[in-house]
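Asker: These are the residues of each chain, in order.
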Amino acid sequence: MRLPITKYYFIILGIILMIGCVEPFDATTEDFESVLVIDAVITNEVKQQKVQLSRTYRFEEELINESGATVIVSADGQELHTFTENEPGIYLSTTEFAVLPNVNYQLSITTRDGGSYISDEVTLTQNVGIDDLNATVITDDLNGEGVGILLDAYDPTGNSGYYRFEYEETFKIIAPFWNPRDLAVVSENPPVFEFEPRPRGQQVCYNTQRNLGLILANTTGFSEDRLTDFVVRFIPRNNYIISHRYSILVRQYVISREAHAFYEALSELSGLESIFSENQPGFIQGNFRADNNLNERVIGFFDVSSVSEERIFFNYSDLFPDQPLPDYPNDCTVRAPLITELVNSVKNNTIKYFGENDDEDAPPGTPYNTVVRACGDCTALGISEPPSFWIE
Amino acid sequence: MKKPLLLLLLIMSLFVSAQKESVKISVRFSKTPIEEALQQITQQTEYRFYYVPNWLHGLTVSGNFEDVEIKELLEQLFDKTIINFYIFKDDRIALTRNNIIYDRLPEGFFGAQQKTAEVASAKTKIRRQSPNPVFLDKQDVTDTINVETVRIGKENPMETMQFKLNGYVRNKVTGTPIVDLSIIIRGSGKGTTTDENGYYELELSPGLNMVEARSLGFQTVLKNIVIYNDGQFNFELNESVERLEEVVVSAEIDKNVEEVTMGTIEISSEETKTVPVVLGERNLLKIATTLPGVTSAGEGATGFNVRGGSADQNLVIMDGGVIYNPTHFFGIFQALNPFTIEDLKIYKGSIPAEYGGRLSSVFEITNKDANTEEFAGEASIGPVTSNIALEIPLIKEKSSLLLGGRGSYSDWILRSLDEESLNNSQASFYDIIGKYKHTINENNELRVSGYYSLDAFSITSDSLYKYSNKLLSANWNHKFNEKNVGTFLATHSGYEFNIDFDGESNTDFKFGYRLNETLLKLKMKYLHNNNHEFDYGISTKLYAIRPGEIQPRGSESIINPLNIPKEKGLESAVFVSDTYKFSEKLLFNIGLRYSFFFGLGPSLQRIYEENAPRNEGTLVENREYDNNEIFQTYSGPEVRVSGRYFLGKDFSVKAAYNSTYQYIHTLSNNTTVSPIDTWKLSDINIEPQRAHQYALGFFKNIDGNAYELSLEGYYKRSNNNLDFKVGADLLLNETIETEVIQGEGKAYGIELLVRKNQGKFNGWLGYSYARSFIKMDSQFAEERVNNGDYFPTNFDRPHDFSLVTNYKFTRRFSLSANFVYQTGRPVTYPVGTYTYQGTEYAFYSDRNKFRIPDFYRLDLSFNVEGNHKLKKLAHSFWNISVYNVLGRNNPYSVFFVTEQGEIKALKSSIFAIPIPTITYNFKF
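Chains as they are written, first to last, in my numbering: chain A, 1 to 392; chain B, 1001 to 1924.
Rather than coming from a laboratory, the hints here were simulated on the basis of the structure. Do not rely on the hints blindly, as some may be mistaken.
According to the in silico footprint, chain A covers these stretches of chain B (three or more CB under 8 Å from chain A) [to be verified]: (1) 1771 to 1785; (2) 1827 to 1839; (3) 1842 to 1852.
Predicted model, so just to flag it, every value in this text is computed and none were measured. All C-beta atoms in this analysis are idealised placements derived from N, C-alpha and C, irrespective of residue type, glycine included.
Next up, chain A with everything else stripped away, as it sits in the complex (with noise of 0.2 Å):
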């Protein structure tokens, strides 16, 4: 149970600092230290595992990955599976494998600098089904009502315990003000227009996008291993991502304890909505270490899980049958600029045309009806290509 407290307890303190001042200093590069972070989860499902390797970056920099490394995976000590660099940072098994139970699994790695990272030895979890997967109209405690994915799952072993979740949500996009006419620029001076039809797929449009953050779960609470209606995801019910057609994939991990603390410390410290960070910040040690020098920290967790998944798809009207749709995310007033104005925002492709302007009263020099891109063009938030696993 947390309570929203924290947050209150600094604003308190913050009428004090009213006396005083907040203001931001330089904390960026001084102290840098660049550390191997090792994002390696591999399952039981027969596929070409992955291992992802980049290293801290300093505040004002990208992503930065790790490239050249000697990645392989031993099983019991004896079976190897080596691992080749596909894209910068990104490291498949040369083979398919899936991880069997009973057997110690430990990733090894060496850097091209030559520093030398081994894992603990890792056994893969117990393998637990999705008993169901459901969207139900809830009420959450912030939001208000919405969508929620509620999970359901049970292992009679009572092995499990600890669950990670994480989920790929699809939904379709129909721009509300598509037009099958647009402009085209003819001459920029003086200001010459002229229509052109307007493909279907700029009206249709879908979107993927996956969990940020850490959904984890656990039942070592309870009297059974049960997860009932867990709600993995929860849309606000205005949210425009429901306003159609929306398919979620729910992947559930069954993870190891130790796994769970390491997810659980990462989420604590900072989750996305971290104002201000009450907890005791530090480093959070994983699984890994450095074989040539003990102090050496390294980032990460071997996770070697059994997962399943599960995909569902709703309508919004299924749950809020004869509803008001949720706002669409672009605001969509239909304006009618000078013609002068036109050629810009034509050629930059920021605004689509919504008919004439037949208004009596407009000033002289705005034929045309138009609204932004997004209202008229779904390609600004998705693609016009269903996914391949879409079903209508």
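We have chain A; now place chain B onto it with these hints.
Answerer: Here is chain B on its own, set in the frame of chain A:
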């Protein structure tokens, strides 16, 4: 007689001859007032007299004088009085009281050290032809607070080494003589006792003697007796069954060198009056932090770190009962009424055996006993609070009541702030105190104190936030006989905080935490003989804690009620200590305390796998215990030994060893104490904290106690110090033991204190070099911090320098200045970022690897005492302070916010600008 004048006269007298024989005078007096007689002489002759008219009041002269010389005349006139005279060459005559004006400087005048040594060393009994005359350093007498100076006899230039002082010692209340009372001359080891009639006789060296009359059951009386001749002085002593060891007056000379305890700090409330304050609030606790060994986490931070201990390791007691949070408004103000407090005593080195339960220190706050004779009061008006204290006599000389109250009117400050979001805020606090004292008879005395403080904040319109302390204590002193005195103490303390959240959404809740403790304690004092003084007793304390409860507020709230089960525990102890005087030079205090802790049911204790980190996965069993069933016992001996050895007359060396146990711990993942920190009792999983401290110190007084010097060093080890895992969540956590790591602590330091107690310019300078480390090692990565190595604690501030000074221009005007410098405290902060599974995280340094910038601050204040006219209705005192004169932007904390995926570093300061304040105080 003003000293400069005396000096001037002395200098002049070096150049003149005292003998001037020429004029003869004839006069006749008949019961003529001396002043009139002197006028008559003046009319007849060239002589001019200089004197203080007061001295001559009521003196008359009679007699016929024919053709006498002025010297002879005056000798006869002043024969029966204590007036001396001196005739200058230029026909001026100075009258003095007691003193003779010498026309040459005595031997050793410029070697004051030598002089005092000789005059005071009565033991050596060197017969000298001409004893040195008595020159009284004004500072020796008048600036010694509370010690009355008595002048005995009229000085005459005879060759006497010793004068006799005799008199009676009586009980001030009953008037009966006090038998077997020891009267001691301080610093000489000489003394006597009164006979069956209360009569005594004592030989004193000429000049200043500090004479102390002490007996079990009576308040010790200390007098500066300036003896010029044989004389008489009667002592009247007040009964004091209680607190025998406490009766020593605070400005007692040589106390710091003489007493056996070390590492103690005493601050009288009065002493803090002139120290610059922030927003007009006198704060003893803040002053304590200017003395070496006591630091706070920062400006406006609650909690103290004493000799490298964490903030929960201090036992703060007021009139015997514990106060859990003695501050208001997040530590910016003290929750103690400066007018009702007599003094604050901090034991950081050798904690008396009667106290226990905290590792680092004891803050002992004592409220005044109200005046039993007449009504008195004191009040102040400051920008944040107003404060009043009243002393009300109920039965004359028997019982009295002390009442104090403070309240804030800070609401308007918030409203006037230039921040819209705060205009609807509310922040107020108050505290009230009452103390009743009743002297039942000469053997029984009763004191009852009650205290309550409350803070309420409503900073956002939807949350109301409160915390409060309460305290009730009753103290009964009983004197069994001359040798045995007992004190029975019963106290009850409570601390609680509540949060009422009434927001926009349906998540309204009420949250509450409550702690109560009840203490019973019996303390006996047995005066075996001159060499042994025993203190012994038992104490037992019952804790009841409601660790957290959350209730939905209103029917629409979707908050699930949750109640963390109550905790109960009993902490008991037996203690004995002997103050053992081995020889004149060597004094010991040998104390032993044996403490027990019983975890009491009803309780649900979780048992975890051995040799595994505690977490949900390693939980083996839940054990249920019935009401008052003992589920866990901890116990152990606590040794408190200290010794003092005189290396010289006012130079001593002291050593101490202390061990302590602590069975109650705060859960806080802040560096500073915050009001939502909760206290947790030891249980099956959380072991008591333990500490050992070794200390050695040198204490030296120069010039009486004009200068006090001390140099102390300590080394401290502690075990089972509580710390928390990265990202620990402490509130409303049912399995708090899974978030806790118990580590080992190590602290050491050197503390230097130089105090100037007297003169126009006084104050102190404190410096300490102190380190504090903690180590959390385990075979499990999750319970290991910084690779299991020692690292600086949150409050490790190696250099700590404080200068507190006061300069008195006159009696009425004084200027004070404080300067404080501290090393910035350690912080953990991100040294980079990394992306893990698609999300960006801050990459933190090793814990406490960095430090925030150093802290320094200068405060000034100007004090104006009202005039000293007796008839005035009220005595007033103005204090004009400027806090943080340099406007130094001292960082209080650094923190990091994630704004649109970017991590931003911010530092906050409290009082970043100079803050001027005027406070008006008056006494009536």
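Asker: Look at each hint and say if it fits the structure.
Answerer: Results of checking the hints against the structure:
Only when three residues or more bring their CB closer than 8 Å to a CB of chain A does the claim for the segment 1771 to 1785 of chain B stand; here the count is 4, and the claim holds. Residue count for the segment 1827 to 1839 of chain B with a Cβ under 8 Å from a Cβ of chain A: 12. That meets the three needed, and the coverage hint holds. Coverage of the segment 1842 to 1852 of chain B by chain A holds in this model, with 8 residues showing a Cβ closer than 8 Å to a Cβ of that chain against a need of three.
Of the numbered hints stated above, none is contradicted by the structure.
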